[in-house]
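Novice: Now for the letters of each chain:
There are 2 protein chains.
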Amino acid sequence: MNEEFINKWKSQVKKGTLSFIVLNVLKGNEYYGYELIENIKQKTAIEIAEGTIYPLMNRLKKEKLVDSKWVEQETGIPRKYYVLTEIGEETLKSMQKYWDELEGLIKKIKK
Amino acid sequence: MNEEFINKWKSQVKKGTLSFIVLNVLKGNEYYGYELIENIKQKTAIEIAEGTIYPLMNRLKKEKLVDSKWVEQETGIPRKYYVLTEIGEETLKSMQKYWDELEGLIKKIKK
DNA sequence: CATAGTACATTGTTATACTATGTATTTTAT
DNA sequence: ATAAAATACATAGTATAACAATGTACTATG
Numbered sequence: 001m002n003e004e005f006i007n008k009w010k011s012q013v014k015k016g017t018l019s020f021i022v023l024n025v026l027k028g029n030e031y032y033g034y035e036l037i038e039n040i041k042q043k044t045a046i047e048i049a050e051g052t053i054y055p056l057m058n059r060l061k062k063e064k065l066v067d068s069k070w071v072e073q074e075t076g077i078p079r080k081y082y083v084l085t086e087i088g089e090e091t092l093k094s095m096q097k098y099w100d101e102l103e104g105l106i107k108k109i110k111k
Numbered sequence: 001m002n003e004e005f006i007n008k009w010k011s012q013v014k015k016g017t018l019s020f021i022v023l024n025v026l027k028g029n030e031y032y033g034y035e036l037i038e039n040i041k042q043k044t045a046i047e048i049a050e051g052t053i054y055p056l057m058n059r060l061k062k063e064k065l066v067d068s069k070w071v072e073q074e075t076g077i078p079r080k081y082y083v084l085t086e087i088g089e090e091t092l093k094s095m096q097k098y099w100d101e102l103e104g105l106i107k108k109i110k111k
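Chains A and B, in that order, are what the protein sequence lines are. Going by my numbering, the first sequence opens with residue 1, and the numbers climb by one from there. Going by my numbering, the second sequence opens with residue 1, and the numbers climb by one from there.
Among the hints, erroneous ones may be present.
[Said to hold, decoys possible] Derived lysine-lysine pairs resembling DSSO-like cross-links, with alpha carbons at most 27 Å apart: (1) A:LYS41 x A:LYS64; (2) B:LYS8 x A:LYS108; (3) B:LYS27 x A:LYS8; (4) A:LYS43 x A:LYS61; (5) B:LYS62 x B:LYS14; (6) A:LYS107 x A:LYS8; (7) A:LYS8 x B:LYS41; (8) A:LYS69 x A:LYS10; (9) B:LYS10 x B:LYS93; (10) A:LYS27 x A:LYS110; (11) B:LYS108 x A:LYS14; (12) A:LYS8 x B:LYS62; (13) A:LYS69 x B:LYS41; (14) B:LYS93 x B:LYS107; (15) B:LYS61 x B:LYS15; (16) A:LYS43 x A:LYS27; (17) B:LYS8 x A:LYS8; (18) B:LYS80 x A:LYS80; (19) A:LYS61 x B:LYS27; (20) A:LYS27 x B:LYS64; (21) A:LYS8 x A:LYS69; (22) B:LYS62 x A:LYS62; (23) A:LYS80 x A:LYS8; (24) A:LYS27 x A:LYS61; (25) B:LYS107 x A:LYS61; (26) B:LYS27 x A:LYS93; (27) B:LYS10 x A:LYS27; (28) A:LYS61 x B:LYS110; (29) B:LYS27 x B:LYS110.
No wet-lab data here; the hints were simulated from the structure.
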């Protein structure tokens, strides 16, 4: 059918929700980039490309919503762990509020 | 606070949801562009710029999700009314399904 | 008669997900 | 042993879509 339109649309919806999802997942937890991808994929079946997560995390860090620290591994490549900052938590609250509103609005126009 | 980040984010969230909202509103009704803006604003408090709705409707028409017809007015500028096509209705169903899933997923990671 | 509102439309800008590509290490399969 | 897959980071380029700005044209109102 209109497979392609739908796929583009899904990608667009992701654009907005991704940062929201990532911040949500980071709330109360520390994850590194690759782990975030796996974790979100497992929890939500949403697949995030690596070329998406790393620029996204850099953006979130520049905006001071997350902080990061390198952690050396006994074996393998060091991992960059991300933590929510206070600003990040506050921002997440605002986003949550908007999301809940949006959810309600869409529910309303659907019937 | 982080007003600007939040605003940008809201704009991004809109990117995906707008076409979904418009198709939903058009289900069972005929509206012209300007009316859509007013109607959605009134129902959802979401403000859509004119520079957003007209290109959007053209896109939806090109994708054959909506059809349009000019209706002359006794007074004033003629109005271009939009109607959902069959493809549009089917596409809307797929979108609805994805949206419901997404809603559930986000609910899940929030706790 | 100027301003606000109605109604269409286009151009240029900006933000961001994704593809492709690259580096480097470790684990698993043949 | 060695090739392939998985882990872990990163960047450059592309495509999409909302929005601001701008323009046209008509109508209603103060």
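Novice: Confirm or reject each hint.
Specialist: Here's how the hints hold up against the structure:
With a C-alpha separation of about 25 Å, the suggested pair LYS41 (chain A) and LYS64 (chain A) falls inside the 27 Å cut-off, and the hint holds. A hinted pair counts as satisfied when its Cα atoms are at most 27 Å apart, and LYS8 (chain B) with LYS108 (chain A) qualifies at roughly 25 Å. For the hint pairing LYS27 (chain B) with LYS8 (chain A), the CA-to-CA distance comes to about 21 Å; that is within 27 Å, so the pair holds. Annotation: proposed proximity of LYS43 (chain A) to LYS61 (chain A) holds, straight-line Cα distance about 24 Å (limit 27 Å).
Our distance criterion of 27 Å between C-alpha atoms is met by LYS62 (chain B) and LYS14 (chain B), whose separation comes to about 21 Å. With a C-alpha separation of about 23 Å, the suggested pair LYS107 (chain A) and LYS8 (chain A) falls inside the 27 Å cut-off, and the hint holds. Restraint check: the Cα-Cα separation between LYS8 (chain A) and LYS41 (chain B) comes to about 25 Å, which is no more than 27 Å; the hinted pair holds. Between the alpha carbons of LYS69 (chain A) and LYS10 (chain A) the distance comes to roughly 32 Å, so the proposed pair goes past 27 Å and is violated.
For the suggested pair LYS10 (chain B) and LYS93 (chain B), the alpha carbons sit about 24 Å apart, so the restraint of at most 27 Å is met. Simply put, LYS27 (chain A) and LYS110 (chain A) have alpha-carbon atoms about 31 Å apart, too far for the 27 Å limit, and the pair is violated. Taking the CA atoms of LYS108 (chain B) and LYS14 (chain A), the gap is about 16 Å. The hint holds against a cut of 27 Å. The suggested pairing of LYS8 (chain A) with LYS62 (chain B) holds, with an alpha-carbon distance near 15 Å, which does not exceed 27 Å.
Distance hint between LYS69 (chain A) and LYS41 (chain B) is unfulfilled; the C-alpha atoms sit about 44 Å from each other, more than 27 Å. The suggested pairing of LYS93 (chain B) with LYS107 (chain B) holds, with an alpha-carbon distance near 21 Å, which does not exceed 27 Å. Of the pairs offered as hints, the one joining LYS61 (chain B) and LYS15 (chain B) holds, with about 17 Å between alpha carbons and a cut-off of 27 Å not exceeded. Between LYS43 (chain A) and LYS27 (chain A), the direct Cα distance comes to roughly 15 Å. Compliance with the 27 Å bound is thereby established for this hinted pair.
Pair hint LYS8 (chain B) plus LYS8 (chain A) holds up; C-alpha atoms about 20 Å apart against a cutoff of 27 Å. Among the hinted pairs, LYS80 (chain B) with LYS80 (chain A) is inconsistent with the structure: their alpha-carbon atoms are about 54 Å apart, more than 27 Å. Between the alpha carbons of LYS61 (chain A) and LYS27 (chain B) the distance comes to roughly 42 Å, so the proposed pair goes past 27 Å and is violated. Distance hint between LYS27 (chain A) and LYS64 (chain B) is unfulfilled; the C-alpha atoms sit about 42 Å from each other, more than 27 Å.
Distance restraint check for LYS8 (chain A) and LYS69 (chain A): the Cα-Cα separation of roughly 35 Å exceeds the 27 Å cut-off, and the hinted pair is therefore not satisfied. The hinted pair formed by LYS62 (chain B) and LYS62 (chain A) fails the criterion: a straight-line CA distance of about 39 Å is larger than 27 Å. For the suggested pair LYS80 (chain A) and LYS8 (chain A), the alpha carbons sit about 31 Å apart, so the restraint of at most 27 Å is broken. Between LYS27 (chain A) and LYS61 (chain A) the alpha-carbon distance is near 15 Å, which keeps this suggested pair within the 27 Å criterion.
Between LYS107 (chain B) and LYS61 (chain A) the CA atoms are separated by roughly 25 Å; this keeps the pair inside 27 Å, and the hint holds. Of the pairs offered as hints, the one joining LYS27 (chain B) and LYS93 (chain A) is violated, with about 33 Å between alpha carbons and a cut-off of 27 Å exceeded. Note on LYS10 (chain B) and LYS27 (chain A): the hinted pairing holds, with a Cα-Cα distance of about 20 Å set against a maximum of 27 Å. For a cut-off of 27 Å, the pair hint linking LYS61 (chain A) to LYS110 (chain B) stands: about 21 Å separates their Cα positions.
Proximity of LYS27 (chain B) to LYS110 (chain B) is assessed by CA-CA distance (about 31 Å); at most 27 Å being required, the pair is judged violated.
When each numbered hint is compared with the structure, violations occur for hints 8, 10, 13, 18, 19, 20, 21, 22, 23, 26 and 29.
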